[in-house]
Amino acid sequence: MSMIRTGGGLAIIACYGVFSFVTFVALLIARFSGRHGYPQVAGQLLSPLGSLYSLTTAFLLSNVIVLVSTLRTSITQEVVTLNKLGAVVSVLPDEQRIEARRLIYDYAESIAVDESVSMVNGQGSERTQTRLNQLRDFFASTNATAPKTDRDTPESSGYPRKASDFLFDLIDSREKRLSLAVLNLPTSLWAAILIMFFALAQWTFLVHPDRRGQRWAGMILILSGPIPAILLYAYSHPFAVGLIQIRPTLDNVLQRNL
Amino acid sequence: MSGARLLREPTQPMVFNIRASYEQEIDRIIRYLVRYGHSDIAVVVQQDSFGRDGQRASLRALARYGLKPTLLATVQRNSRHTEAVAHRVALAQPDAVLIISAYTTVANFIENLRRQGSDAGVMSVSFVGSRSLSDALPASLRNGTGISQVVPFPWNARVPVVKENQNIIRSSTGGSRYGFSSLEGFLAAKILVQALEKAGPQPIRAGLIRALESMGNHDLGGFRIHFSPNNHAGSDFVQLAFLMGSSGAFIH
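For the protein sequence lines, the chains are C and X, in the order given. Just so you know, this note's numbering puts the end of the first sequence at 258, numbered straight through with nothing missing. Just so you know, this note's numbering puts the end of the second sequence at 252, numbered straight through with nothing missing.
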């Protein structure tokens with residue numbers, strides 16, 4: 001997990017580095033063009049330009065935040081479904097029940113140990129896929145059939161339908177989780193954000209021709225400009241930066257004596 | 001606590017067993033393994049009468065399915081040096097390993113087996129000490145070890161006698177945890193108290209034996225025992241449990 005966090009931390013440092021570099025380039029160009037006198041640029045235009053940058057990044061950010069919320073809900077749903085599937089097989093005879101629960105817990109354990117790591121790169125784990133296949137095979141076999149009894153209880157009567165529904169929910173939840181694990185924003189979008197930031201920085205330095213003003217403007221730009229981009233990165237890589245941690249959630253399931 | 005044959009056959013007049021025999025436990029393990037497609041089963045037993053009992057029962061249970069152990073090996077009692085045995089087992093490439101020994105040896109064996117690259121499922125009988133085995137294993141190696149149990153699942157409050165045991169543990173201040181061994185002790189105490197009550201106000205040894213032998217088919221609340229003058233093996237209850245995850249939780 002610490003390796004995951006380190007990867008996210010490096011990306012954030014890199015983000016600051018790129019924005020600082022762009023700010024520095026904008027400052028150099030402003031000073032170079034100001035050698036023969038700063039052009040008379042309208043300070044009023046700075047506000048629409050800043051608003052455009054803020055609104056665009058805010059819009060993108062709100063989109064990824066919604067997707068991350070969906071992802072979080074999906075993971076919670078997956079854990080709940082694992083619990084339900086583990087409980088519903090209680091109607092099976094001893095040997096069938098223990099095998100079902102063993103396969104369910106094996107699947108949960110492989111997500112916690114393997115897939116939580118591979119999902120950092122948006123990948124599923126082979127081992128988890130194998131565990132899921134074993135679970136599907138089990139529930140498709142006669143081993144998952146409850147014996148017919150004269151006395152049906154509310155628990156046993158709905159068993160086959162419930163087990164099948166929970167299994168499909170589990171498969172759906174995994175698909176959703178994997179598809180949302182890395183929300184890769186297109187490179188062109190990152191380029192557009194950088195260009196907008198460069199234009200904003202350039203305009204700011206031209207509006208403040210004095211060196212002291214430029215220093216302050218530069219500092220404020222470096223501090224505030226990358227934040228929307230960093231948030232965008234964080235929310236589009238929720239596992240890499242530790243925004244969502246699947247392992248502690250699954251550990252809660254694995255710690256239960258069932 | 002023992003499921004050894006020598007305490008059952010022939011019937012010992014002063015011994016009343018409230019747990020299934022090791023033979024019954026091993027039989028259940030083999031039946032489970034064979035049912036789910038594990039036919040290459042290695043058997044590792046400790047070098048004493050308990051191990052020999054286990055070996056005999058394993059061979060008999062495997063023979064019932066027309067099988068022989070992929071490998072039959074022995075370990076020293078309470079040994080922490082199982083590298084050589086683990087190496088031999090890993091080379092034999094079994095699907096599953098049935099090991100009949102105490103928790104220190106079993107934990108050491110599992111560590112060495114995994115170190116050798118084998119992912120064969122490891123199963124053992126209740127004698128191993130479920131909680132002790134879980135505590136002795138490194139967290140990363142706990143997942144998937146199977147143990148046969150001779151009492152109901154101590155966390156399953158749907159079984160009345162388990163619920164009763166849980167209520168008593170919860171109301172006590174000793175910080176006890178639910179567990180297989182404590183439940184077995186609870187069941188033994190419960191039977192003894194009921195037999196003492198039945199034996200009358202002045203219980204003597206012969207009276208207590210008579211009381212136990214006359215219990216017949218007795219339900220303790222989801223756990224049945226059956227004693228008679230000819231039968232002092234009161235229970236054939238066997239259930240499998242697995243250690244899952246890294247926390248050492250049990251499933252049944």
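Mixed in with the good hints there might be a few duds.
To spell it out: a stretch of chain X is covered by chain C in this simulated footprint if at least three of its residues, at any positions, have a beta carbon under 8 angstroms from a beta carbon of chain C; those stretches are [as the list claims (entries may be wrong)]:
no. : region
1   : 30-39
2   : 108-115
Computed from the model, here is a short list of chain C residues facing chain X with C-beta under 10 angstroms [what the hints assert, rightly or not]:
no. : residue
3   : ARG101
4   : VAL117
5   : GLY158
Derived lysine to aspartate or glutamate pairs resembling DMTMM-like cross-links, with alpha carbons at most 25 angstroms apart [as the list claims (entries may be wrong)]:
no. : chain 1 : residue 1 : chain 2 : residue 2
6   : C       : LYS176    : C       : ASP251
7   : X       : LYS163    : C       : GLU95
8   : X       : LYS68     : C       : ASP152
9   : X       : LYS163    : C       : ASP137
10  : X       : LYS68     : X       : ASP27
11  : X       : LYS198    : C       : GLU155
12  : C       : LYS162    : C       : ASP137
13  : X       : LYS190    : X       : ASP236
14  : X       : LYS163    : C       : ASP152
15  : C       : LYS148    : C       : ASP114
16  : X       : LYS68     : X       : GLU83
17  : C       : LYS162    : C       : ASP152
18  : X       : LYS163    : X       : GLU197
19  : C       : LYS148    : C       : ASP137
20  : X       : LYS198    : X       : ASP236
None of these hints come from the bench; they were simulated from the model. Note that beta-carbon positions come from the ideal geometry of N, C-alpha and C, so glycine has one too.
So, going through the hints one by one against the coordinates:
Counting residues of the region 30-39 of chain X whose CB falls under 8 angstroms from any CB of chain C gives 4; the rule of at least 3 is met. With 0 residues bearing a CB less than 8 angstroms from a CB of chain C, the region 108-115 of chain X misses the requirement of three and the coverage assertion fails. The interface hint given for C/ARG101 is met, as the beta carbon of that residue sits about 4 angstroms from the closest beta carbon of chain X, less than 10 angstroms. For C/VAL117, the shortest C-beta to C-beta distance to chain X is roughly 14 angstroms, which exceeds 10 angstroms, and the interface hint is violated.
A least Cβ separation of about 18 angstroms between C/GLY158 and chain X goes past the 10 angstroms threshold, and the interface hint is therefore violated. The straight-line distance between the Cα atoms of C/LYS176 and C/ASP251 is roughly 20 angstroms, inside the 25 angstroms bound, and the hint therefore holds. The hinted pair formed by X/LYS163 and C/GLU95 meets the criterion: a straight-line CA distance of about 23 angstroms does not exceed 25 angstroms. Distance check on the hinted pair: X/LYS68 and C/ASP152 sit about 41 angstroms apart at the alpha-carbon level, beyond 25 angstroms; violated.
Between the alpha carbons of X/LYS163 and C/ASP137 the distance comes to roughly 35 angstroms, so the proposed pair goes past 25 angstroms and is violated. Among the hinted pairs, X/LYS68 with X/ASP27 is consistent with the structure: their alpha-carbon atoms are about 14 angstroms apart, no more than 25 angstroms. Among the hinted pairs, X/LYS198 with C/GLU155 is inconsistent with the structure: their alpha-carbon atoms are about 39 angstroms apart, more than 25 angstroms. Our distance criterion of 25 angstroms between C-alpha atoms is met by C/LYS162 and C/ASP137, whose separation comes to about 17 angstroms.
Our distance criterion of 25 angstroms between C-alpha atoms is met by X/LYS190 and X/ASP236, whose separation comes to about 18 angstroms. Restraint check: the Cα-Cα separation between X/LYS163 and C/ASP152 comes to about 24 angstroms, which is no more than 25 angstroms; the hinted pair holds. For a cut-off of 25 angstroms, the pair hint linking C/LYS148 to C/ASP114 is broken: about 39 angstroms separates their Cα positions. At most 25 angstroms may separate the alpha-carbon atoms for a hinted pair to count; X/LYS68 and X/GLU83 meet this at roughly 24 angstroms.
Among the hinted pairs, C/LYS162 with C/ASP152 is consistent with the structure: their alpha-carbon atoms are about 15 angstroms apart, no more than 25 angstroms. Restraint check for X/LYS163 and X/GLU197: satisfied, since their Cα atoms lie roughly 23 angstroms apart, inside the 25 angstroms limit. For a cut-off of 25 angstroms, the pair hint linking C/LYS148 to C/ASP137 stands: about 21 angstroms separates their Cα positions. Restraint check for X/LYS198 and X/ASP236: satisfied, since their Cα atoms lie roughly 24 angstroms apart, inside the 25 angstroms limit.
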